[in-house]
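> Since chain A is already given, all that's left is putting chain B on it; use the hints.
Chains A and B are the protein sequences, given in the same order. First residue of the first sequence: 198, per my numbering; consecutive thereafter. First residue of the second sequence: 1038, per my numbering; consecutive thereafter.
Source of the hints: derived by calculation from the structure; they are not laboratory data. Hints should not be assumed to be uniformly reliable.
The list that follows gives simulated cross-link-like pairs (lysine to aspartate or glutamate, EDC-like), each with its CA atoms no further than 20 Å apart [said to hold, decoys possible]:
1) B:Lys1136 to B:Asp1114
2) B:Lys1136 to B:Asp1115
3) B:Lys1202 to A:Glu412
4) A:Lys243 to B:Glu1112
5) B:Lys1194 to B:Glu1245
6) A:Lys243 to B:Glu1111
A partial selection of chain B residues facing chain A, derived with a Cβ cut-off under 7 Å [what the hints assert, rightly or not]:
7) Asn1158
8) Trp1160
9) His1162
10) Ala1172
Note that the structure is predicted; figures quoted are calculated from it, not measured. We treat Cβ as the ideally placed atom computed from N, Cα and C, and that holds for glycine.
One letter stands for each residue in the lines below.
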Amino acid sequence: MFDWPTFLFSLPLLGKALLITLQTSLLGNAFGFVIAILISSMQLAKMPLLRRLGGSYIFIFRGVPLLVQLLVIYYLAPMFGLPNLSPMVAAVMALSLCSGAYIAEILRGGLMAIPSGQSEAAHLLGMSRPAILLRIELPQAVQSTLPSLVNELVLLIKASALVSVVGLADLTRVAQNLASSDYLFFQHYLVLAGIYCLINIPLTMFGRRLERHLERSLA
Amino acid sequence: MSLSLSPTNAISAVPAENSKIAPIIHLAAVGKRFGKNQVLANIDLDVHHSEVVCLIGPSGSGKSTLLRCMAFLEEYDDGEIHIEGRLLGWEIDDRGHRKHAGRNRLNEARRNLGIVFQQFNLWPHMTALGNVTEALVRVRRLPRQEAEKKAMKALDKVGLSEKAKEYPARLSGGQQQRVAIARALAMEPKIMLFDEPTSALDPELVGEVLAVMKQLAQEGMTMVVVTHEMGFAAQVADSVVFLDQGSVVTRGTPNEVFRDTQHPRLRQFLQNYLDRNAFWNTTPELEN
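Isolated chain A (complex conformation):
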């Protein structure tokens, strides 16, 4: 039932594809995190315009399916007479923009949970707004929302399966190709499912360790 030679033959191809998947989703998450810091602090800003902008960003990038975002971004540049984005750039952009919206909402929750007196004290000592955000608020927001942040990372790795629509040879695309070449659909997709599942193991471990580390420093 399970064709071992085919499996072994497919491994190097899947390995290369795994790198593409990790690259897109980890980069997407990293840039998404930076976007999220900006957007969440915009939403909590005093200026109504900033709040409105932050809110609109979330409205758009959380409201449009990732698949559609990918397609729009990929086909956007030629519309303005610019050269096509490379599939990798388009994929990372779409994943960053989308995860940025979700992570922003997670961080916003964490930021709102911090008693306002803490930033008041920092403010009075003369600290600037960015310094207060980065040194006082963000570390605490990240710590309190860590389980949700790790969750978001896991979700994004799985969502990155969609990047194959712009022609990126990620795990899912390579498995599809393999399956359509030898018709061993079930086997290839089973292996694919297994690989996605295994990626989670180091991530979960990393998340747990980070949580423990932060907990210990605050015990």
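Here is chain B on its own, set in the frame of chain A:
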């Protein structure tokens, strides 16, 4: 009405010549509204160098709001507040309208202010030392080593140098508040504002915080203290200001205020404290 707080009686700790030079904090006709609610009206108040002023009054009297106005944590709507002769928080433009002072100007005026809050407001993800060091590095731009040396000195002053590596969660309320005092002191302010610094503490922890404050007062720090600790006000303050419903009812030396018979509202307020603390003669079990 003029409510100058220059010390008038002999037991005052303030040198007499201080009353002649300009006050370090000067409030003139300060008013503050929250919506339609007038929380402060027509407050005049001068605080001189090395003077300790205690603000007392029932809750809702506006004493905390007044203190927060002195740091421009609340924007006052009317009147003027000058810190060392500089108008706080506002700027007067060419047409005589006032507008918010720029960030730098505000920070410049606040540079000499240290403030201690009821809720300590320590940063829980930093050690005691980290809390005290942070602004020295980020704001004063001191090299870390130098900042830590300075921070240790401030912690030593409040008696907590052995707790430098502890996180706030591992410290008692009294210790946390002392770290907060050290954090403010490390910036070398000329004025310390205390907003009910002992109100969130267990009764047996109040003493250690008051002791630190008393020591500061003795060293000549200018202090404005919102407090419910009448004993502290009586022993340490040069002037006591009694506020009720957003106005100054009376002010004077502790002696004058605590023996005041003119103002029924003040008498009632003080009687409340006496009644609450009068357990000694009324509890027979305590008498042997």
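> What's the verdict on A:Lys243 and B:Glu1112, does the C-alpha distance respect the 20 Å limit or exceed it?
This hinted pair holds, its Cα atoms lying about 15 Å apart.
> Decide if the proposed pair is consistent with the structure: B:Lys1194 and B:Glu1245, CA atoms, cutoff 20 Å inclusive.
holds (12 Å)
> A closest beta-carbon separation below 7 Å is what the hint needs, so does B:His1162 meet it against chain A?
holds (5 Å)
> Are the Cα atoms of B:Lys1136 and B:Asp1115 separated by 20 Å or less?
holds (12 Å)
> Is the Cα-Cα distance between A:Lys243 and B:Glu1111 20 Å or less?
holds (15 Å)
> CA of B:Lys1136 to CA of B:Asp1114, is that 20 Å or under?
holds (11 Å)
> Check whether the Cα positions of B:Lys1202 and A:Glu412 lie no farther apart than 20 Å.
Holds: B:Lys1202 and A:Glu412 sit about 16 Å apart, inside 20 Å.
> Do the numbers back the hint for B:Trp1160, that is, is its least Cβ distance to chain A under 7 Å?
It holds, given that the least Cβ distance between B:Trp1160 and chain A is near 5 Å, below 7 Å.
> Does the nearest C-beta of chain A fall within a distance shorter than 7 Å of the C-beta of B:Ala1172?
Given a least distance of 4 Å, the restraint on B:Ala1172 holds.
> Is the hint on B:Asn1158 kept, meaning its closest Cβ partner in chain A is under 7 Å away?
Since chain A brings a Cβ to about 4 Å from B:Asn1158, closer than 7 Å, the hint holds.
Going through the hint list in order, the structure satisfies each hint without exception.
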